[in-house]
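Place chain B on chain A using the hints.
2 protein chains.
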Amino acid sequence: MKGLFIKILLSLLLFTNVSVAADPLPSWNDTAPKKAIVAFVEQVTREDSPDFVPVAKRIATFDNDGTLWAEQPIYFQFLFAIDRVKALAALHPEWNTQEPFASLLKGDMKSALAGGEHAMLEIVMSTHAGMTTQAFEKIVTDWITTARHPKTGRLFTEMVYQPMLELLAYLRANGFKTFIVSGGGIEFMRPWTEEVYGIPPEQVIGSSVMTKYEVRDGKPVIARLPELNFIDDKAGKPVGINQHIGRHPIMAFGNSDGDFEMLEWTTAGTGLRFGLLVHHTDEKREWAYDRESHIGRLDRGLDEGPRRGWTIVNMKDDWQVVFPFEKP
Amino acid sequence: MKGLFIKILLSLLLFTNVSVAADPLPSWNDTAPKKAIVAFVEQVTREDSPDFVPVAKRIATFDNDGTLWAEQPIYFQFLFAIDRVKALAALHPEWNTQEPFASLLKGDMKSALAGGEHAMLEIVMSTHAGMTTQAFEKIVTDWITTARHPKTGRLFTEMVYQPMLELLAYLRANGFKTFIVSGGGIEFMRPWTEEVYGIPPEQVIGSSVMTKYEVRDGKPVIARLPELNFIDDKAGKPVGINQHIGRHPIMAFGNSDGDFEMLEWTTAGTGLRFGLLVHHTDEKREWAYDRESHIGRLDRGLDEGPRRGWTIVNMKDDWQVVFPFEKP
Numbered sequence: 001m002k003g004l005f006i007k008i009l010l011s012l013l014l015f016t017n018v019s020v021a022a023d024p025l026p027s028w029n030d031t032a033p034k035k036a037i038v039a040f041v042e043q044v045t046r047e048d049s050p051d052f053v054p055v056a057k058r059i060a061t062f063d064n065d066g067t068l069w070a071e072q073p074i075y076f077q078f079l080f081a082i083d084r085v086k087a088l089a090a091l092h093p094e095w096n097t098q099e100p101f102a103s104l105l106k107g108d109m110k111s112a113l114a115g116g117e118h119a120m121l122e123i124v125m126s127t128h129a130g131m132t133t134q135a136f137e138k139i140v141t142d143w144i145t146t147a148r149h150p151k152t153g154r155l156f157t158e159m160v161y162q163p164m165l166e167l168l169a170y171l172r173a174n175g176f177k178t179f180i181v182s183g184g185g186i187e188f189m190r191p192w193t194e195e196v197y198g199i200p201p202e203q204v205i206g207s208s209v210m211t212k213y214e215v216r217d218g219k220p221v222i223a224r225l226p227e228l229n230f231i232d233d234k235a236g237k238p239v240g241i242n243q244h245i246g247r248h249p250i251m252a253f254g255n256s257d258g259d260f261e262m263l264e265w266t267t268a269g270t271g272l273r274f275g276l277l278v279h280h281t282d283e284k285r286e287w288a289y290d291r292e293s294h295i296g297r298l299d300r301g302l303d304e305g306p307r308r309g310w311t312i313v314n315m316k317d318d319w320q321v322v323f324p325f326e327k328p
Numbered sequence: 001m002k003g004l005f006i007k008i009l010l011s012l013l014l015f016t017n018v019s020v021a022a023d024p025l026p027s028w029n030d031t032a033p034k035k036a037i038v039a040f041v042e043q044v045t046r047e048d049s050p051d052f053v054p055v056a057k058r059i060a061t062f063d064n065d066g067t068l069w070a071e072q073p074i075y076f077q078f079l080f081a082i083d084r085v086k087a088l089a090a091l092h093p094e095w096n097t098q099e100p101f102a103s104l105l106k107g108d109m110k111s112a113l114a115g116g117e118h119a120m121l122e123i124v125m126s127t128h129a130g131m132t133t134q135a136f137e138k139i140v141t142d143w144i145t146t147a148r149h150p151k152t153g154r155l156f157t158e159m160v161y162q163p164m165l166e167l168l169a170y171l172r173a174n175g176f177k178t179f180i181v182s183g184g185g186i187e188f189m190r191p192w193t194e195e196v197y198g199i200p201p202e203q204v205i206g207s208s209v210m211t212k213y214e215v216r217d218g219k220p221v222i223a224r225l226p227e228l229n230f231i232d233d234k235a236g237k238p239v240g241i242n243q244h245i246g247r248h249p250i251m252a253f254g255n256s257d258g259d260f261e262m263l264e265w266t267t268a269g270t271g272l273r274f275g276l277l278v279h280h281t282d283e284k285r286e287w288a289y290d291r292e293s294h295i296g297r298l299d300r301g302l303d304e305g306p307r308r309g310w311t312i313v314n315m316k317d318d319w320q321v322v323f324p325f326e327k328p
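As you go down the protein sequences, you meet chains A and B in turn.
Sequential numbering from 1 applies to the first sequence in our numbering.
Sequential numbering from 1 applies to the second sequence in our numbering.
These aren't lab readings, by the way, just hints derived from the structure by calculation.
Quick caveat, the model's predicted, so the values are computed rather than measured.
Incorrect hints may appear among the rest.
For chains that are exact copies, the list does not tell them apart, and a pair is met inside one copy or across any two.
What the hints assert, rightly or not - Each computed PhoX-like pair below joins lysine-lysine, with the alpha-carbon atoms no more than 20 Å apart:
#1 Lys219 / Lys234
#2 Lys212 / Lys316
#3 Lys151 / Lys327
#4 Lys110 / Lys177
#5 Lys106 / Lys86
#6 Lys110 / Lys57
#7 Lys35 / Lys57
#8 Lys57 / Lys106
#9 Lys57 / Lys177
#10 Lys138 / Lys57
#11 Lys212 / Lys106
#12 Lys234 / Lys212
#13 Lys284 / Lys35
#14 Lys177 / Lys212
#15 Lys138 / Lys212
Only chain A is shown next, with the shape it has when bound in the complex:
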């Protein structure tokens, strides 16, 4: 009896949602990707569907850089790292001669980035240590609420993709739990993902430094150590998903070859699965880059994705709006 009552209430809730927002994805053009997303969600949520998936198993994972927010001219966390190097330079005179700090301080990005993505991640991680998690959270929050994108002058949290915000909300309204699975630092993202994406800290997976629990003058803290713990990129993404979620996602969203294994792992599971790659093709409203880019390189995914049944979003054609600030 109580079960029935709850069912009726939930149906009313669902009905209310539907009537209020007829099109849950208004910033998506009515092209193939939107149709594929909606068709998939209907197939896994309709109780009489052969592909029905119970709510507990509706797990969707999203890359962050280039998938939920922009990543040009360089990963935003790296801009944060540069600002940290500048802020701390007075305390570290040795940085004037020590690479990559010397190049960063001179504004010579090219030399600082010579080591590639992995080196970049290591630089980020090692400049993010030596404080407590609480102190780091404050540093991130101060930066993210004030720092501005070098090209658009916008806050970085404004450089998020409106179609993806709608997609996150749409999936959650359909019983999905949405997770971030990013190569970015887990504690760089957590202070703001709930407010910006509606994704709580416990659903954020990322790269991390080693940490240590200590009691300092009677006050427990978690110290961030200058040692990498985990790189949540490429083949690390399925490992991070398994470690944090413990089950297969049924949908995965990315934009670069760093997401290939996440999509491969997700779409290899039994039952209906969905993989999507955002192809950055819009040099007017955003950026256009793929196979040759040092940031968010998309090469293998472009070749193999379609063969594997993954949806490729052509940003230029498939997104009516890119950033929220474009909306009329």
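Only chain B this time, still in chain A's reference frame:
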């Protein structure tokens, strides 16, 4: 308008819960611990309370061994490990002379356990590797649905504490997200915690081995490697909580000194906090052990817990029912 409608529906739902189950904790005697739990939950959930905590921040963490299910005569996962050693012995003739396998196979538990808890955990972890996560999940599921407790003859999933099952449900009904934070293996628990405790895999934190993503004959797998990744015990528990949840719990439940730091970390946060230790004092219905026990040793917590404002459950006096199978 829609917000109001949802609020009314949620109030109706809440009211239904209340009217159906007037006492959400019937297996708890009406002693101090129950009163403290109910008073705390009311203080953090009443919107007009100065200690009100929004739903997103209602995080409660539970140790597993000795807190949610029994742990005598030895951690159940260790009984699983012994069964695994026996099952695999034919493939490992070297185990007949190699410790701790030789002692285990001879049934000499004392020698096998000579290395203490940390060694035990290492033994468990290293005997749990060399297969995919999928294969391991099947091995665990096969065992947990058939193996029996050496003393009671019950399935291990029947050796859970009825008062704690009620507590988990009570907290969730009050908007809490419940997590397991256990020294036990994360992938040993995940296959059954959702059914037994209502805790989904993504809310289970535990010890782990290293894993590796591979594509074998075109099929992606995650391989379990014979190398420890993380020990989620003692000072590791706050680290695990930070890694997986990314924010402070407001309630923590344990039973041994392995939970001390989790309770310390939880109750050190700002705002109203709650820590509870289960003291095993009932040799008739369960077991009685504390300061001198090799399993679930509780010494520092007994001394410092009350001074720190933690609630100590005296199992004999505070629990009307221990195991679900006792219920009339």
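**Request:** Can you give me the call for Lys57 and Lys106, within, between, both or neither, at a CA distance of at most 20 Å?
**Result:** Neither, since 50 Å and 43 Å both go past 20 Å.
**Prompt:** Between the shortest in-copy and the shortest cross-copy C-alpha distance, which are at most 20 Å for Lys151 and Lys327: within, between, both, or neither?
**Reply:** within (19 Å within a copy, 67 Å between copies)
**Request:** Check Lys57 against Lys177 for me: Cα-Cα at most 20 Å, and say if that holds within a copy, between copies, both or neither.
**Result:** The answer is both: 9 Å in one copy and 17 Å across copies each meet 20 Å.
**Prompt:** What label fits Lys35 with Lys57 when the C-alpha limit is 20 Å: within, between, both, or neither?
**Reply:** The answer is neither: 22 Å in one copy and 36 Å across copies each exceed 20 Å.
**Message:** At most 20 Å between CA atoms: does that hold for Lys212 and Lys316 within a copy, between copies, both, or neither?
**Reply:** Cα proximity of Lys212 and Lys316: none, with 46 Å in one copy and 37 Å across.
**Message:** Reference check for the pair Lys110 and Lys177, CA-CA at most 20 Å: within, between, both, or neither?
**Reply:** So Lys110 and Lys177 fail the 20 Å test inside a copy (39 Å) and across (46 Å) alike.
**Message:** My question is about Lys212 and Lys106: at a cut-off of 20 Å on alpha-carbon distance, are they close within one copy, between copies, both, or neither?
**Reply:** Close neither inside one copy (34 Å) nor across copies (39 Å); limit 20 Å.
**Prompt:** Within a copy, between copies, both or neither: where do Lys219 and Lys234 come within 20 Å Cα-Cα?
**Reply:** So Lys219 and Lys234 pass the 20 Å test across copies only (16 Å; inside, 38 Å).
**Message:** When Cα atoms must be at most 20 Å apart, do Lys234 and Lys212 count as within-copy, between-copy, both, or neither?
**Reply:** The answer is between: 12 Å across copies meets 20 Å, while 26 Å in one copy does not.
**Request:** Classify it for me, Lys138 with Lys212: is the Cα-Cα distance of at most 20 Å met within a copy, between copies, both or neither?
**Result:** For Lys138 and Lys212, the Cα distance is within 20 Å only inside one copy (18 Å; across copies 34 Å).
**Asked** Given identical chains, is Lys106 near Lys86, meaning Cα to Cα at most 20 Å, within a copy, between copies, both, or neither?
**Response** For Lys106 and Lys86, the Cα distance is within 20 Å only inside one copy (10 Å; across copies 64 Å).
**Request:** Could you place Lys138 and Lys57 in one of the four classes (within, between, both, neither) given a Cα distance threshold of 20 Å?
**Result:** Only across copies: Lys138 and Lys57 sit 18 Å apart there, 34 Å inside one copy, limit 20 Å.
Checked against the numbered hints given earlier, this structure breaks hints 2, 4, 6, 7, 8, 11, 13, 14; the rest are met.
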